[in-house]
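Protein chains in written order, with our numbering: chain A, 1 to 327; chain B, 1001 to 1396.
Just to be clear, a hint being listed does not mean it is correct.
What the hints assert, rightly or not - Covered by chain B, according to a simulated footprint, are these stretches of chain A (three or more residues, beta-carbon under 8 Å): (1) 47 to 55; (2) 80 to 92; (3) 106 to 112.
Think of the hints as simulated: they come from the structure by calculation, not from any bench.
All C-beta atoms, glycine included, are put in the ideal place defined by N, C-alpha and C.
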Amino acid sequence: MDSAAIRLEDLVKTYPAARAVRGIDLEVRQGEFFGLLGPNGAGKTTTIAMLTGLTNPSSGRILIEGVSPGSDPMGVKSRLGFVPQEFAFYPTLSALDNLRFFGRLYGLRGAQLAQRVQAVLEIADLAERARQIVATFSNGMMRRLNVAIGLVHEPRILILDEPTAGVDAQSRNALYETLELLNREGVTVLYTTHHMEEAQRLCRRVAIMDRGRVLTVDTPTALVRAYGEGLVRVEFRAGVGKALQDRMAELETVQGLDGCDRHWYLKTREPEGAVRALMALEEIRELGISSLNIMEPNLESVFIHLTGRRLRDAAREERTALEEGNT
Amino acid sequence: MIHQILALTVKELKVLWRDREALVLLFAMPLFFILVMSWALQGVYEAGTRDRPVEILVAKAGDGKEVADVLEDLSGMEGLAWVGSVDGVPLTPERAEALIRGGRYDLALCLRAGLLGRSPAASGDASGPGPPAVLLADPAVNRRLLHSIQGSIQGVIQRRVLMARLAPLLQGLPDEALTPDPGLLETRMLGGFATGRRPTATEQHVPAYTIFGVFFIVLTLASGLLREKQEGTFRRILSAPLSRTALLTGKLVPYYLVNLVQIGLMFAVGWAVFHVRLGSIAALAVVSLALAASANGMGLLVAALGRTEAQVNGFSVLLAVTLSALGGMMVPSFVMPPGLQLLSRFTPHAWALDGYHDVMIRGLGVRDVLPEAGVLLGFAAVFFAFALWRFRFEPR
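Take these sequences, add in the hints, and give me the full structure.
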């Protein structure tokens, strides 16, 4: 058997209007908790759609435990558990009905189905609410059911597409613990998110994606060590001219400068020194600063270093581009 | 694959069972139409029959044997009831006219003495006293019915006039020779039912509004599929190890079954409440199976073409209502202009109604409805082929 649970080779997906994935090479090892990080529109969901057989790649190769979905699509799908970002179940049915239905789609029947349904109800802490109509559940319970459905057929690989969207902190922690438990039991987890703190807590390795490409793959610690300069985020009262941009870039404590108009990032290994030097500039006093934040080295600063944008800014840009495309 | 299709079918039926709006649309609405339209329009379809005779006021201006003879002949006509007095007061021509203008009655026949002595030349004499028999009618009276009654009265009077004029020549003939022979003309309705039986309002409306209701499955099916796509369950199902054929089959089978239950229920109500004769159940089943296939095909087509809920709702209602009207569900197609009658042949509705009428009214069997069933299956094949060509499984 291939040592990789998931292997992607030069994977490309092109739509008539856009190239969503532009040649991805990636390996997720057996039993690994792997994070796919990037803003909305980075290509994460399209990559997952190809992995789960929802759409075919335009080119490149996918291997799931050494098997190509093209040669054995049903076999590959049976190994995967998929938890989409949205609540993908039937709210007018009970949790039990939902789990039984999806279990039957994966070929479970009789005692085996009953045993697996009971097991995942307990994992999701929904056993006492099993016969309750899902529409009456709280948001956190629905999120847990969404995950439970992905587990009902006992998959070897679990793929979760931003599973904590809209979840409160308590439910999020419960979900993290469930996933960590499953991972300890040998389930390979591929987890996509644009929350860096999730990736830092859960993932053994992460790949950072942007605009359809994988920018880098490593452990969170190694990535922060390699790229994790501190960042000083500055918002000025007015747009910054070329002369002031040059002056900021030339500061001794500043290793790089990104941004535009009123919003700028100063890359630095000495954030406090960089702030002092910045405030000492006469032009700055004239221009005025609206806000100033010092960011410690973390995955967020790694992402900014690699892409020149914050995750949320990137997500907003993608949304704007999509909206403009739609209009 | 069978187990997966079964799982999808059971799930879909459970979801549908909890969708009260869909159930009302699919079952209550056509049932309501059948009941209301059948009762409301019963008079229109059965007017002029022995059970529901047309009431005609009769006003005499003067007595005489000839008027009495004409009235005797008229009273023997089936489907017409002659009313000589209203509220205990014998009618005069003026009062009969007032009753029609007041909307209480639709028709009145005014007879004058001297009816039979009038010469043929008098009909062209504008200065004369006018015709001895006048039929007064509310302008809203059905023209076909009016012409039919007018012809019958004209025939009776004409016969009496001829007999009066030819009296010298007819003397000595036995009475039987001068009596009308009802056996000269017999009307035979083709088909297996008793002769002389006419389609009733329910025989028109039960199949028509059943077909109307069956095509509302288009809305339920298409909006259900769109909702699944929008809510992510479709993606989740697609990520499971089942073929796309199994997925679509599992999605369509429950709606097909719902259609058959719908048809069964509507005909059962027609039979139980209105005593509609159903004819050959096997032949009804053949038409129904083909009808449900074409309705499901249209549903999948709308699901394939509709991108938003508004589009799906708009397409579905537009198709359900306009094709029903065009296909003769609301207004029988024989009253439509020739162009529209031709156009109605391009709707599955018209073929389904023909099939049901063949069985219920004409008393035909399975073999006789195969052409209609074949055309309905042809519609289904075209709808499915086009839908599968346009259907998008992949997320956008």
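Run the structure past the numbered hints and jot down the numbers of the failing ones, going up. none
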